[in-house]
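Chemist: Sequence:
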Amino acid sequence: MKKTQKNYQNDCIECDISTAERLNYFTGQFLTERDFSAEQEYQIGKNRQHNRYLHGYGTVCGLKVVQHPHLDCRDRFIIIEPGLALDCCGREIWVREPVYVDIVKALAPQINDPTLTGKHLLISLCYTECKTEYVPALYSDCGCDTTGYEANRIFEGFEVDVQLIDKLPKPHISEPFGVNLNWVSTINLAQASRLVLDTGKKRLYVLTSANPSQIAIYDTTNYLLLGSIAIGTNGVQGVDMAIAPSGRYLYIICYGEGATDNYSLKVIDVENPATPVNNLTLTSGALTSPPQVVVSPADGRIYTLDINADPKKLIVWKTEINTTSGIDPNSAKDLEITNTSHPGTILNDPQAITVSPDGKWLLIADGAGNQIQISKTETLKLPLDSQVTYSINLGESPSLLAVAGDSSLLYTVTTPPTGDKKVRAFRITEEPPAFPEIRAVTATSLGVTIGTETPIAITASNSGQWAYVVSKDDSNKGKVRVINGEKIATLPINAVSEPIEVIGAPEDILLDTDKSTLYVAGKGTTQPGGGVSVLDVKEEACQEIVWRALEGCPECPEDFCVPLAVVQEYTKNQVINDADIDNRIRPLVTSTENLRKLVMCALETKVSQDGVSKEDLETLQRLQAEFAAELATLRGRIDTIEARLADLEDRTANFESDLTRIVALSWEHNTSLNPPILINRLGDRQAEPGFVIGFGKEINTLTEIDISQIDERVFQVLIAKPEANNPSLVCRCAIQGEVIPVTFELATDERGNIIPGQIQRNSVKESDSKKAPGVAFTVNEKILSEFNEIWILLRGDFVVDGDKKAIDAEFLRGKLPTGNRPQSSKFGIQGGLFESWFWISETRPKFAKN
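Numbering (the working numbering), first residue to last: 1 to 850.
Hints are computed from structural coordinates only; laboratory data are not their basis. A quick note: this is a predicted structure, and the numbers were derived from the prediction, not measured. All residues carry an ideal CB built from backbone N, CA and C; glycine is no exception. Each hint should be verified, as a subset may be incorrect.
[Claimed, not checked] With a straight-line cut-off of 25 angstroms between C-alpha atoms, the simulated DSS-like cross-links for lysine-lysine are:
id	residue 1	residue 2
1	Lys572	Lys119
2	Lys105	Lys64
3	Lys771	Lys804
4	Lys119	Lys64
5	Lys765	Lys782
6	Lys804	Lys770
7	Lys376	Lys318
8	Lys333	Lys318
9	Lys201	Lys597
10	Lys782	Lys804
11	Lys167	Lys487
12	Lys64	Lys487
13	Lys782	Lys721
14	Lys597	Lys487
15	Lys515	Lys538
[Claimed, not checked] Okay, the calculated beta carbon distance ranges per label pair:
id	residue 1	residue 2	range
16	Asn577	Lys119	15 to 21 angstroms
17	Leu833	Gly802	19 to 25 angstroms
18	Lys805	Thr379	29 to 35 angstroms
19	Ser391	Cys553	50 to 56 angstroms
20	Asp75	Ile165	17 to 23 angstroms
21	Gln736	Ser391	28 to 34 angstroms
22	Ser331	Glu569	54 to 60 angstroms
23	Lys805	Glu271	55 to 61 angstroms
24	Arg22	Asn462	53 to 59 angstroms
25	Lys805	Leu335	40 to 46 angstroms
26	Leu287	Asp582	45 to 51 angstroms
Please work from the sequences and hints to get the whole structure.
Modeler: Next up, the structure:
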């Protein structure tokens, strides 16, 4: 069936090639209009077919949408620059001059129609044909009238389509997404609600929320039912489940044990499931917000979070509950925290809890506080003042959490005050090891939207590149979306896949990384119903892209136009600047020249082959063979660069990183009005005047120096005066004094900001330890009163820090004119001579030159 497009100016235009016949010419052949038209139709169709299937559709070059040059016109006009595009039918759209688009006029029909809605402004380019140059027709197929007229030419043109849309188009360059999910089978089980996995024994445990609840056990090899475990009598319902790292013990949160609103934590030995090892009493509460249980995959530590309890409570259980039957619940608790006994801690309004796979971090989603609170598990103990806790402030309520298998990435599902639900990702690093730095993967940390459905659960892959979110719509249909964590930062509009339908009324999601299988448990949309959707997870390698051709030829979308740009969250009469126009939503038709440059760029940058598949390596090798001549040229350039690098390494061989340097002084170099600073001495000794030098690897992290190694030979204060017999000569002599270790504070301005390189007066104190961040030279005030110019020397070769390395004695460039490298450089040379001079009073001797 041929597809047709409505022409803006004439009738419908066929998209597909209309004939597979071409003319066969011969001498004496009688030709009519039909033959010439068929000849044109055949040649045009072949050309468009070539464009469509071998090049694709989109913009070839140019056609950038930009702001109007005059500010007063930007609330009405935008400009499309000249360029070339191919629509999905392979038809060329050639724009030869800039096109001024009247947005207000184009949107008037849609804005005035209350039934049409849309929040984003989309600008597209559409192919048109227009018959022109009408001439008299000497003969007409429709009659014998000689006064008729027919078009002598067909002009191939274009129209600009402007409309408001709700869903943003995805750029063509985003394909392939990277993960393919295929619903391969369903495990039928009524009221399936929770999933845990024992990968070692290849067992899948499925908890049902039926009355009474049970745990069904399946072999993950063929999903054969191995048996079931009853978790209680009639009226007892299971609401959450976790598994020990060994797979030996299951932890079940039960509701209705002994009373209708009681909660308990059951510990079940899967090798002897008939009798629970322990049944630990929790608090009472409604079934709408049951407690949650998680187990650390690293050390088996068990955590329960009582969301609905009053007060809210976090309990850390001893692992003895696995082996000591009938243990008293109070003696089985390693730690119990409530939001009332310890206000302001990690229990404001808890919504979800998880533990990082490495066991280092306990993460709790705080709904009311719009934050995620992270506690270091090794310090999670009483008193709470000793625990290490950090917060990620979100500005919107988090409800679900998942951490990557390598504990490097945190995913959370959030609900903004208005708008769609979001998935946000955060990188978790420790720099230095004792302090976690949690950075948003996105520059603005806005996350990516996942629609209006209700998110139910989230899980993440081992590497953290992929997250899987299951949600349900208003009709309880289950849907899974794949989140590409790498694209959250670079192309958030393409970081979320289209939804894949799964079991209805979903309750839980679980990823088996060993089998690349995704499980989704749900209660089903009919009663009785429910089960577990089993989805095959396939990460698509690069070489698989070419084999997509087996799936058939690409179809044209319903809209034949080529999208050029979008203005998100457009408002009526909005001033449109370049910053508001996103040109990168358009599909691209990449020329072979650009493809060649792209391949050459990848080869030139010598992309690392770590983790590359065998097939990818073979593809690269074929490309290298095709560009052997270019590679020879590149090799010559690389050899030249490597020779320069080798020369640079020889020249910098003596440099070391992170050496201790001088970072602060009690005077200003080469200036007047530098009276000695007062140094508070230990005990009953009076304060004495002197000069202070401060050391540190960073301006706020001062490094302790062994001052016992510094004496008057290492730290010298010189005075200068003219020789009586020869005024043209200057004599500089070392004065006597005492070298002592001191502590100090850096000076600050009126706003409290630190002034680099300057020591705060009245802050210097003698240290009771020989190791201190600063050293002072105390002097006799009487001597200083006789001389004005001071010259200070410090011999860095004899000043050693805690790493047993001599300091880099050259002062940081930017404060003093000495130094052989910029202030930001981490490299230096041990030792060296520090020199500085200044004047105590405003009057300088005549022999002193400024």
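Chemist: Given the hint of 19 to 25 angstroms, check if Leu833 and Gly802 actually sit that far apart at their C-beta atoms.
Modeler: holds, 22 angstroms
Chemist: Given a hint of 50 to 56 angstroms, does the C-beta separation of Ser391 and Cys553 actually sit inside it?
Modeler: holds, 53 angstroms
Chemist: Please verify whether Lys64 and Lys487 have alpha carbons no more than 25 angstroms apart.
Modeler: Within the cut-off at roughly 24 angstroms; holds.
Chemist: Just to be careful, I want the Cα atoms of Lys201 and Lys597 compared with a cutoff of 25 angstroms; is the pair within it?
Modeler: Violated, at roughly 51 angstroms.
Chemist: Could you grab the alpha-carbon distance between Lys167 and Lys487 and see if it respects the 25 angstroms cut-off?
Modeler: Answer holds: Lys167 to Lys487 is near 19 angstroms, not above 25 angstroms.
Chemist: When you check the alpha-carbon spacing of Lys771 and Lys804, does it fall within 25 angstroms?
Modeler: holds, 13 angstroms
Chemist: Starting from the range 40 to 46 angstroms, see whether the pair Lys805 and Leu335 falls in it by beta-carbon distance.
Modeler: holds, 43 angstroms
Chemist: For Lys782 and Lys721, compute the direct alpha-carbon distance and say whether it is at most 25 angstroms.
Modeler: Since the Cα atoms of Lys782 and Lys721 sit roughly 16 angstroms apart, the hinted pair holds (cutoff 25 angstroms).
Chemist: Is 28 to 34 angstroms respected by the C-beta to C-beta distance linking Gln736 and Ser391?
Modeler: violated, 56 angstroms
Chemist: With respect to the beta-carbon atoms only, verify the hint that Ser331 and Glu569 lie 54 to 60 angstroms apart.
Modeler: holds, 58 angstroms
Chemist: Between Lys804 and Lys770, does the CA-CA distance stay at or below 25 angstroms?
Modeler: holds, 15 angstroms
Chemist: Given a hinted range of 55 to 61 angstroms, is it respected by the beta-carbon distance of Lys805 and Glu271?
Modeler: Because 58 angstroms falls inside the window, the suggested range holds.
Checked against the numbered hints above, the structure breaks hints 9, 10 and 21 and satisfies the rest.
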